[in-house]
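Novice: Could you build all of it, start to finish, from the sequences and the hints given here?
2 protein chains.
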Amino acid sequence: MYEKVVEIGLLFDFYGKLLSERQYIIIEMYYLHDLSLAEIGEQLKISRQGVYDILKRAEDKLYSYEDKLGLVKKFQDNKKKLKKILDYANKVNEELTAEQNGELKNHIKEIKEIALDILEKN
Amino acid sequence: MYEKVVEIGLLFDFYGKLLSERQYIIIEMYYLHDLSLAEIGEQLKISRQGVYDILKRAEDKLYSYEDKLGLVKKFQDNKKKLKKILDYANKVNEELTAEQNGELKNHIKEIKEIALDILEKN
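Chains as they are written, first to last, in this note's numbering: chain A, 369 to 490; chain B, 369 to 490.
In short, the hints are calculated from the structure, not lab data. Ideal Cβ placement from N, Cα and C applies to all residues, glycine included. There's no promise every hint is true.
Unchecked claim - Here are the simulated DSS-like pairs of lysine-lysine, each with C-alpha atoms no more than 27 Å apart in a straight line:
1. Lys489/B with Lys459/A
2. Lys480/A with Lys372/B
3. Lys477/A with Lys489/A
4. Lys436/A with Lys424/A
5. Lys424/A with Lys429/B
6. Lys429/B with Lys489/A
7. Lys452/B with Lys436/A
8. Lys429/A with Lys441/B
9. Lys448/B with Lys429/A
10. Lys441/B with Lys385/A
11. Lys448/A with Lys372/B
Unchecked claim - Listed below are several chain A residues computed to face chain B (Cβ distance under 10 Å; list not exhaustive):
12. Lys372
13. Tyr456
14. Ile486
Specialist: Quick look at the structure:
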């Protein structure tokens with residue numbers, strides 16, 4: 369179950385805005401706020417079965433967007449690659465001796481900052 | 369017009385798979401193969417007006433996906449950032465003297481290769 373929560377959470381981050389308002393709210397209540405189907409049904413004044421059906425349709429929609437656009441996969445691939453850039457930049461930084469000029473270190477710092485910036489904004 | 373073609377081309381790259389088959393084909397014929405509305409109508413056996421309506425709806429859909437997900441904007445932002453990483457990596461490379469060890473140069477080469485790889489796959 370935990371894995372599913374993480375998976376839906378990621379899909380929801382990327383494609384949540386493409387869901388209908390009701391689908392969006394129900395995914396949020398169930399997966400992010402951890403409410404039960406019965407609790408959601410009470411709040412929205414629909415049956416437990418009704419909540420379940422909307423939830424399933426919303427999940428299917430999220431998976432189908434990922435099938436078509438693959439943004440989560442791309443995001444995870446890019447994350448790994450950007451972390452490698454950071455690793456290499458750190459290694460270069462460590463190996464530059466104190467005598468080696470400060471400009472080189474600044475360039476490496478810039479590389480690290482940009483890589484982190486891309487990581488954060490994706 | 370040229371700018372619009374480029375813009376729709378980019379949106380189509382990112383969101384084309386979310387269009388209906390007919391919308392997809394008509395965008396392709398009009399923007400990528402440069403056919404006229406009348407020519408497309410003839411091929412698909414629908415009126416020129418019918419083609420126009422589907423085209424407009426398809427364009428609206430592409431713009432609306434961009435409004436919601438902003439993938440084209442993100443792609444263009446990342447492209448600029450990755451190019452900066454490449455620039456800095458090139459500068460570091462130039463400034464490393466021949467005596468400075470080959471391992472450092474290899475790390476920089478790796479950074480450049482990964483940045484290029486991300487650029488190509490986005």
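Novice: It remains to establish, for every hint, whether it holds in the given structure.
Specialist: Each hint tested on the structure:
no. : hint                   : in the structure
1   : Lys489/B with Lys459/A : holds, 26 Å
2   : Lys480/A with Lys372/B : violated, 36 Å
3   : Lys477/A with Lys489/A : holds, 18 Å
4   : Lys436/A with Lys424/A : holds, 18 Å
5   : Lys424/A with Lys429/B : holds, 25 Å
6   : Lys429/B with Lys489/A : holds, 25 Å
7   : Lys452/B with Lys436/A : violated, 30 Å
8   : Lys429/A with Lys441/B : holds, 24 Å
9   : Lys448/B with Lys429/A : violated, 32 Å
10  : Lys441/B with Lys385/A : holds, 16 Å
11  : Lys448/A with Lys372/B : violated, 35 Å
12  : Lys372                 : violated, 23 Å
13  : Tyr456                 : holds, 4 Å
14  : Ile486                 : holds, 5 Å
When held up to the earlier numbered hints, the structure conflicts with 2, 7, 9, 11, 12 and fits the remainder.
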